[in-house]
Every structure is written in C-alpha cells, then in structure tokens.
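Counting from 1, one number per residue, gives the positions in the sequence shown under my numbering.
Careful: at least some of the hints might be erroneous.
[Said to hold, decoys possible] Derived CB-CB ranges, DEER-like:
id, residue 1, residue 2, range
1, Ala130, Asp24, 14 to 20 Å
2, Lys106, Gly7, 41 to 47 Å
3, Cys135, Arg76, 30 to 36 Å
4, Tyr104, Cys135, 19 to 25 Å
5, Arg49, Ala10, 22 to 28 Å
6, Thr145, Leu110, 40 to 46 Å
7, Glu20, Cys139, 31 to 37 Å
These aren't lab readings, by the way, just hints derived from the structure by calculation.
Every residue, glycine too, gets a C-beta built ideally from N, C-alpha and C.
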Amino acid sequence: AERGNAGTPAWDASLAVIVEGVEDSSPEDAEEWLRRGFAWTMKSHRFWRSSREKQEPCPEQVKATVSWLKEKGLARKDWVKKFPEVVGVAAQELEDTRATAPGYLKKGDLYLISIRKNPELLGKNFDCLAENDSCQGRCARCWNT
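Given these sequences and hints, build the entire structure.
Put into structure tokens, the structure is as follows:
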C-alpha cells in the first residue's frame with residue numbers, strides 16, 4: 001500500500017497531532033487515518049472524488065480538526081476509525097456541515113447525537129434534492145444517500 005508522504009516534516013507533525021489528540025490512537029492508526037484523510041488510498045477516493053488527490057496534510061489544519069473533535073467528545077479511536085477521512089476535513093467545514101443537514105437534524109442536540117452514532121454523517125455537506133431537481137453524483141457527501 002502506498003504510504004503517502006510519510007517522513008516529511010508536515011506528515012510527521014500531523015501524525016504527532018493525531019497520536020497526541022485522539023484518545024487511544026497509535027502511530028499506526030494515525031498513519032492510516034492520514035492516508036485516508038488526504039486521499040492516499042483507493043477507498044478514500046470514493047469520499048474525496050475530484051476534490052482532493054494525494055495531498056500532504058497541513059499540521060495546523062489537522063490540529064484544528066482534532067481540537068474540534070475534542071470539543072464534541074469525538075476525538076477517540078473508536079469514533080475516528082469509523083470515519084478516518086475526518087482528519088482531512090477542515091474544522092470550519094465540519095462546523096458548516098450542520099447547515100446542510102436535513103431540517104430535523106438541525107434541532108437541538110439531535111445533530112451531535114446523530115454524528116456520535118454515525119460518524120460518516122459528518123462528511124455530508126451536500127443535499128442534491130434541496131439544491132437541484134435530481135442526483136448530482138456527489139453521493140459520498142450527500143445527505144440523501
């Protein structure tokens with residue numbers, strides 16, 4: 001398997017941020033999550049599509065994302081391993097995800113409860129039926145799939 005840019009200062013700093021910030025994570029976990037979060041694996045291409053291709057992580061962005069996850073009680077190995085691409089999603093994009101959620105999820109604590117139970121919901125940032133008359137082929141990030 002391709003290892004990404006392992007060994008570069010940015011990669012190593014990002015790996016350290018994850019190991020330090022995500023409860024119970026190991027360097028091996030962080031390596032795999034970075035590969036998924038920055039589009040170095042075939043599986044991650046389904047999520048990122050054309051929006052990202054084999055990108056080097058930015059330690060500051062990874063730190064902001066891990067901080068966001070900590071604030072929500074989500075910076076835990078058991079949660080991140082269910083949606084490892086999250087380490088590559090900017091904190092502001094994670095915050096903005098709620099705005100694209102279906103109306104019933106925006107109310108009260110239901111949104112946070114939902115993403116705690118189903119981490120992949122945090123990657124949803126598009127609603128083809130709300131914005132268009134038909135599917136737009138962005139299914140990995142669409143609330144309607």
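Here is what the structure says about each hint:
1. Ala130 / Asp24: 14 to 20 Å: 37 Å, violated
2. Lys106 / Gly7: 41 to 47 Å: 42 Å, holds
3. Cys135 / Arg76: 30 to 36 Å: 34 Å, holds
4. Tyr104 / Cys135: 19 to 25 Å: Holds - the Cβ-Cβ distance for Tyr104 and Cys135, about 21 Å, lies within 19 to 25 Å.
5. Arg49 / Ala10: 22 to 28 Å: Holds, since Arg49 and Ala10 (Cβ atoms, about 23 Å apart) stay within the stated range.
6. Thr145 / Leu110: 40 to 46 Å: Between Thr145 and Leu110, where Cβ atoms are some 19 Å apart, the hint is violated.
7. Glu20 / Cys139: 31 to 37 Å: 34 Å, holds
In this structure, the earlier hints numbered 1 and 6 are contradicted, and the remaining ones agree with it.
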